[in-house]
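Asker: Given chain A, work out where chain B should sit, using these hints.
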Amino acid sequence: SQQGEEDPQALSIQEGENATMNCSYKTSINNLQWYRQNSGRGLVHLILIRSNEREKHSGRLRVTLDTSKKSSSLLITASRAADTASYFCATDNPAKNYGQNFVFGPGTRLSVLP
Amino acid sequence: DTEVTQTPKHLVMGMTNKKSLKCEQHMGHRAMYWYKQKAKKPPELMFVYSYEKLSINESVPSRFSPECPNSSLLNLHLHALQPEDSALYLCASSHVGRGARELFFGEGSRLTVL
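Chains as they are written, first to last, in our numbering: chain A, 1 to 114; chain B, 1001 to 1114.
Just so you know, the hints here were simulated from the structure itself, not pulled from any lab data. Hints should not be assumed to be uniformly reliable.
Straight-line alpha carbon distances no greater than 30 Å define the calculated DSS-like cross-link-like pairs of lysine-lysine that follow [claimed, not checked]:
id : chain 1 : residue 1 : chain 2 : residue 2
1  : A       : Lys26     : B       : Lys1036
2  : B       : Lys1018   : B       : Lys1036
3  : B       : Lys1009   : B       : Lys1022
4  : B       : Lys1036   : A       : Lys70
5  : B       : Lys1040   : A       : Lys69
6  : B       : Lys1036   : B       : Lys1053
7  : B       : Lys1022   : B       : Lys1041
8  : A       : Lys69     : B       : Lys1041
9  : A       : Lys56     : B       : Lys1041
10 : B       : Lys1053   : A       : Lys26
11 : B       : Lys1019   : A       : Lys70
12 : A       : Lys70     : B       : Lys1040
13 : B       : Lys1036   : B       : Lys1019
14 : B       : Lys1041   : A       : Lys70
15 : B       : Lys1040   : B       : Lys1009
16 : B       : Lys1041   : A       : Lys26
17 : A       : Lys56     : A       : Lys69
18 : B       : Lys1040   : B       : Lys1022
19 : B       : Lys1041   : B       : Lys1018
20 : A       : Lys26     : A       : Lys70
21 : A       : Lys56     : B       : Lys1040
22 : B       : Lys1038   : A       : Lys26
23 : B       : Lys1040   : A       : Lys26
Chain A with its partners taken away, still in its complex shape (with noise of 0.2 Å):
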């Protein structure tokens, strides 16, 4: 079952634009975590935020947590055509199996047009 929710499903944009993605989830979490996929390969680990944390920053990555929506978004500032991946946003359940149940939601594909 899914418990974060990506709105959009696909973005499509011109390089140097922001990207905002957005993830809602549905129970109470440990913390809240964004992974990228390149087409066909593993994910990678973008960044975390805790849940009793509001923003965080990496880079140009800004993430942020708002638990009494239960949502999050991740901004990417001045894009590039390297950025077209998909996107991922990922909770774990403190409530079960000690927070290790990790669960993606569907994900953004972006596409940063050159």
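Answerer: Chain B in isolation, oriented as in the chain A frame:
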């Protein structure tokens, strides 16, 4: 060394074959995971091993049989698979514990069942 290595990268098998997928990590992680990913879908959790013991089985059919022979290795034995089992199989590892943990993924084994 921050790599998770999966072999083989590609596997084609018939429905009566027996094959195995292998995963290896040397990061000292004591949690290892198998995920299944269909095209344009998020990874779905199959199994989690914690300290070499199976801690989560997400109601996976018995034709998939996991094995964790030691803290660095994780296998997935395949027998009598169906064509709908064709997918990308991803291995991941992480530290164990209630704190924030990121998953480190391998590049996956792409399985085709004929």
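Asker: Between Lys69 of chain A and Lys1041 of chain B, does the CA-CA distance stay at or below 30 Å?
Answerer: holds, 25 Å
Asker: Holds or violated: are the alpha carbons of Lys56 of chain A and Lys1040 of chain B at most 30 Å from each other?
Answerer: holds, 28 Å
Asker: Below or equal to 30 Å on CA atoms is what counts here, so check Lys1053 of chain B against Lys26 of chain A.
Answerer: The hint holds at about 29 Å.
Asker: Measure nothing beyond the straight line between the CA atoms of Lys1036 of chain B and Lys1019 of chain B; if it is 30 Å or shorter, mark the hint as holding.
Answerer: holds, 16 Å
Asker: Is the straight-line distance between the alpha-carbon of Lys26 of chain A and that of Lys1036 of chain B 30 Å or less?
Answerer: With a Cα-Cα distance of about 22 Å, the restraint between Lys26 of chain A and Lys1036 of chain B holds, given a limit of 30 Å.
Asker: Check whether the Cα positions of Lys56 of chain A and Lys69 of chain A lie no farther apart than 30 Å.
Answerer: holds, 17 Å
Asker: Given the hinted pair Lys1040 of chain B and Lys69 of chain A, is their alpha-carbon gap at most 30 Å?
Answerer: holds, 27 Å
Asker: Please work out if Lys56 of chain A and Lys1041 of chain B have their alpha carbons no farther apart than 30 Å.
Answerer: holds, 27 Å
Asker: Take a quick look at whether Lys1041 of chain B and Lys70 of chain A sit within 30 Å of each other, Cα to Cα.
Answerer: Holds, because 22 Å separates the two Cα atoms, which is no more than 30 Å.
Asker: Given the proposed pairing of Lys1041 of chain B with Lys26 of chain A, does the C-alpha separation stay at or below 30 Å?
Answerer: Holds: Lys1041 of chain B and Lys26 of chain A sit about 19 Å apart, inside 30 Å.
Asker: Check the hint pairing Lys1036 of chain B with Lys1053 of chain B against an upper bound of 30 Å on the C-alpha distance.
Answerer: holds, 20 Å
Asker: Decide if the proposed pair is consistent with the structure: Lys1038 of chain B and Lys26 of chain A, CA atoms, cutoff 30 Å inclusive.
Answerer: holds, 23 Å
Of the numbered hints stated above, the single one contradicted by the structure is hint 11.
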